[in-house]
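Engineer: So the protein sequences, as listed, match chains V and C. At position 251 of the first sequence the residue is numbered 251 (our numbering), and the sequence of numbers has no breaks. In our numbering, each number is its position in the second sequence, counted from 1, plus 1000.
Check each hint, because a few of them may be wrong.
[Stated by the list, open to error] Calculated cross-link-like contacts (lysine to aspartate or glutamate; reagent style DMTMM-like; alpha-carbon spacing at most 25 Å):
#  : chain 1 : residue 1 : chain 2 : residue 2
1  : C       : 1335      : V       : 325
2  : C       : 1071      : V       : 7
3  : C       : 1315      : V       : 306
4  : C       : 1292      : V       : 306
5  : C       : 1025      : C       : 1063
6  : V       : 212       : V       : 196
7  : V       : 313       : C       : 1297
8  : C       : 1292      : V       : 307
9  : V       : 320       : C       : 1297
10 : V       : 265       : C       : 1397
11 : V       : 320       : V       : 128
12 : C       : 1315      : V       : 307
13 : C       : 1372      : V       : 286
14 : C       : 1390      : V       : 262
15 : C       : 1398      : V       : 307
16 : V       : 17        : C       : 1313
17 : V       : 268       : C       : 1397
18 : V       : 265       : C       : 1382
19 : C       : 1390      : V       : 266
20 : C       : 1283      : V       : 306
21 : C       : 1233      : C       : 1137
22 : C       : 1390      : V       : 286
23 : C       : 1398      : V       : 7
24 : C       : 1221      : C       : 1148
25 : C       : 1335      : V       : 286
26 : C       : 1283      : V       : 180
27 : V       : 13        : C       : 1312
28 : C       : 1398      : V       : 325
29 : C       : 1239      : V       : 286
[What the hints assert, rightly or not] Incomplete in silico selection of chain V near chain C, CB under 10 Å:
#  : residue
30 : 39
31 : 265
32 : 282
33 : 285
[Stated by the list, open to error] Sample of chain V residues lacking proximity to chain C, with all beta carbon distances greater than 12 Å (derived):
#  : residue
34 : 52
35 : 62
36 : 166
37 : 190
38 : 200
39 : 217
40 : 232
Hint data in this document are derived by calculation from the structure and do not stem from the laboratory. In this text, all values refer to a predicted model and were calculated from it rather than measured experimentally. Even for Gly, the Cβ is constructed at its ideal location relative to N, Cα and C.
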Amino acid sequence: MALILNEEQQSLKDIAKEFLQKNAPVTHFREIRDTNNELGYDEVLWKEMVNLGWSGILIPEEYGGFDFGMVGMGSIFEEMGKTLTPSPLFATGVLGASLISLGGNDSQKQTLLPKIVEGSLTTALALEENNRHSPNVISTSATKSGENYEISGEKTFVIDGHSANLLIVAARTEGSIDDESGITLFMLDPKTDGLEITKTSMVDSRNSAQVKLRNVVVSSSDILGGLNNGSGILENVLDRAQIAISAEMLGNASQAFQITLEYIKERKQFGAVIGTFQALQHRAAEMYSEIELTKSSVIAACNAVDENSNDLKRMASLAKFKAGETNHL
Amino acid sequence: MSDLQTFREETRNWLEENCPPEMRKPGDIAWGGRNAQFSHPDQKIWLERMGDKGWTCPTWPKEYGGGGLSKEENKILQEEMGAIGARSPLGSFGIWMLGPALLEFATEEQKKEHLPPIVRGEIWWCQGYSEPGSGSDLASLSTKAVQEGDEYVINGQKIWTSYADKADKIFCLVRTGPQEPKHDGISFLLIDMDQPGVTTRPITLISGKSPFCETFFDDAKAPVKDLVGGLNKGWTVAKRLLEHERTMISGMGLSGGGDGSKKTKSGLAEIGKKYAGTDSNQKIADYALRRKVALHDLNSRAFGLTMQRVGEETKVGAPSPAAAMAKYYGTEHNKLRYELMLEAMGTQGVGWEGEGFSVEELQITRDWLRTKANSIEGGTSEVQLNVISKRVLGLPDK
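Assemble the whole structure, with the sequences as input and the hints as a guide.
Structural biologist: This is how it looks when you write it as C-alpha cells:
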C-alpha cells in the first residue's frame, strides 16, 4: 500500500488546488450563503468541475467514467475542504456514483452513470431517520402492490435532497425497525406524487433537506441492488462517504492551521511577534503532529477503497475519527 | 527468477544452516564488547556468523565490514529472519548511532579503524552527551579537551551515559574551543574507557535497573586522530547522531517495551480484557476503559501509518518534515499505553517483586516506570516541539 500520491494523482491534486483557489475560494462560499442561493451551489462552477472529470472519478470506464479511484477523489475533497467549496460532488460523485456502480444492474448503470459523468444527473441519498447516525434503523416502509411499491415515511438530513434530480431512498421491505436485513433501495424522481421535500437551513450553510413520503408509488424496476439487499451496498458506500468527508475535514484543518500559522508570524503583542512565544509554538507543533497523523489515516483509507481491502470498515473509522478529532483541536 | 528472488532463497538457506536453534527463540540480545558475556553458547556462534557476513550491519558498505545490502535486500533479510523468529545478533549503540555518523563524517582511516569492530561486536560503544549542567541545553556542555602533543587531555563529567560501566569506548562531546560561541567550540571525540582517567558510577532508576551511569574524566587521554568531523565541528555530528537516536527511541511507540525491546507480549486490548473482564460480546467490560483503549489503538494505527509514510517519502527522496514529530508522538503514546495497562491491572500492576505477581505483571510494572524516561531521553518532548516549531513550521526565535 502506497501512502504517497503517484504522479497522476499528484497532478490531479495540483490541478484541483489551482482550480479551486482561483474559481471557488472562501469568498465564493460566502456569496452562495449570503445571497440565500436556493440551489446551494453554483451551476456554472459545477459544470466546470464536471468538465474536469470529477463527477466520473469513481465510475468505471465502461460507463464513461475515469475509474481514477478514491485516492484521487480524496485529494479533490481535501482541496475543497481548504476552500469550503459547495458542490454536488459528495452526494452525486461519491454517494450516487457509488450506489449505482456497486448496486445497479447493467441497464441502470448504462442509463444513469454516463449522465453523472456528463453532469446532467445529480443524486441524493435519503437514508437517515434519526438525529444520530444509525443507518440500519429504518421505519420508512415500502409495501408491494402489484408491480409497484408504495413508500411512506420521513427522512432527515438528506444531503442535496432539494436540488438533486434523482432520489435514492432506503426503505424497509421486511423485518423490524433495526434489522440489518430487509432494507431496499429505491430510485425516485423527486417530482413523484406524494413526495414533500423541504430544504433545511444548517449551521454550516450546506445543503440538506427533509423528505416526507406519503404512499409514493415506485416501480419494482426502480429497485437498486435487489430486494432486501440494501444494507450491504450502503455499508460500502457509507465507508466511502466517511472517507470523502474525512478528506474534506483534513483540508479544513490544514487550511485553518496554515492561516493561523501565517498570522502568528505577523501579529505582535507585548512588543513581540506572538509566534515567538513557546506556549503558541508548542500548540502549533502538537496540531502539526495531529494533522500529519490525519493525513496518513485519510490516504490509507482511500487506498483501502481502491484495493478492496478487508480492513476498509476499520480504515474508514480511523480516518473519520482522526479527522474529526483534529478538526476539534 | 529476479535477483531479489535469488537473494531471498540464498538468504533463507543460509539462515537455515547458520542460525542456531536457541537463537530462534525469544530471549536477550548480546551486546558484545571486549569482555563479551553470552547467556547461551549459541549467542556467541550466532554473533560470529552474522558478524563475519556483515549482517549485523546489513546496509553498511562491505569495505568496512558491513553486508553491502541494498534497502530492498535488507528488507528481505529482515523478513526472512522474522519468518524463523531469529533473534537480533547484536545490540549496539555503535550500530544504531555512532556508525551512521562515522559513515557520514569520519575520514577514511577512521572508518577503516572503527567500523569493522562495530560490525563484529568487538567494541561496545557508549554515548557521552549530557552533563549535570547541560541537558536540554546540550550545547552549553563544559567537559573540556585540551591538546597536548598528539593527544587530548579530557576533564569533566558526563551523566546518563547508558552502559558506561560495561562499554569499551565512548563517543563524546567535548569543549575544544572555550572562546568560541557555544555551538562552535564543541568537538566529537572517541575515548577509550579502559584507562585510569575514566571512572563510572551507575545510577539506579525508578524501574530498579541501572543502565545509566555517571562518567568522570580526570586527565583522561585520547589520540588526536580520534577526533571526528573536524576541530570545533562536533555540533554538526552531534545533531545528526541525535536524529538517529530519536528515530531509535520513537520506534518504542510502536513496539511497546520501555527500552525498545518487545518484552510485554500481550497487547493493550488483551491486558484490558484479562484484568478488567469482558462483556457478553467479548469486549472490555468497563466502558470507560474500553473507550480509552480503542482511542489508543486508533492512534497507534495512525502513528504506524505515519511512520510508514515517512519511510516512503524518504525513499523517493522528498524530505519528510513529519519525521520530526516521531520522537515526540511515539514516546508520549508509549507512556499512555503503559498508563492504560496499569489502569486495567489495578493492584496487580503495582507489585515490585516476589510472591503474588506473575513474571509478566512485574515486567509491565517495571516497563511502565521505565517509559517515563522515554519522553526525556534523547531530547525531551518540549525540545522536540521546539524543533518542530522552528525547523518545520518556521516560527521565529525572537
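Engineer: Confirm or reject each hint.
Structural biologist: Taking the hints in turn, this is what the structure says about them:
no., hint, result
1, C:1335 with V:325, "holds (20 Å)"
2, C:1071 with V:7, "holds (23 Å)"
3, C:1315 with V:306, "holds (23 Å)"
4, C:1292 with V:306, "violated (31 Å)"
5, C:1025 with C:1063, "violated (32 Å)"
6, V:212 with V:196, "holds (5 Å)"
7, V:313 with C:1297, "holds (15 Å)"
8, C:1292 with V:307, "violated (30 Å)"
9, V:320 with C:1297, "holds (14 Å)"
10, V:265 with C:1397, "holds (11 Å)"
11, V:320 with V:128, "holds (18 Å)"
12, C:1315 with V:307, "holds (22 Å)"
13, C:1372 with V:286, "holds (19 Å)"
14, C:1390 with V:262, "holds (13 Å)"
15, C:1398 with V:307, "violated (49 Å)"
16, V:17 with C:1313, "holds (21 Å)"
17, V:268 with C:1397, "holds (14 Å)"
18, V:265 with C:1382, "holds (20 Å)"
19, C:1390 with V:266, "holds (15 Å)"
20, C:1283 with V:306, "violated (31 Å)"
21, C:1233 with C:1137, "holds (17 Å)"
22, C:1390 with V:286, "holds (13 Å)"
23, C:1398 with V:7, "violated (40 Å)"
24, C:1221 with C:1148, "holds (10 Å)"
25, C:1335 with V:286, "holds (16 Å)"
26, C:1283 with V:180, "holds (21 Å)"
27, V:13 with C:1312, "holds (19 Å)"
28, C:1398 with V:325, "violated (32 Å)"
29, C:1239 with V:286, "holds (22 Å)"
30, 39, "violated (37 Å)"
31, 265, "holds (7 Å)"
32, 282, "holds (4 Å)"
33, 285, "holds (4 Å)"
34, 52, "holds (26 Å)"
35, 62, "holds (32 Å)"
36, 166, "holds (36 Å)"
37, 190, "holds (39 Å)"
38, 200, "holds (32 Å)"
39, 217, "holds (42 Å)"
40, 232, "holds (22 Å)"
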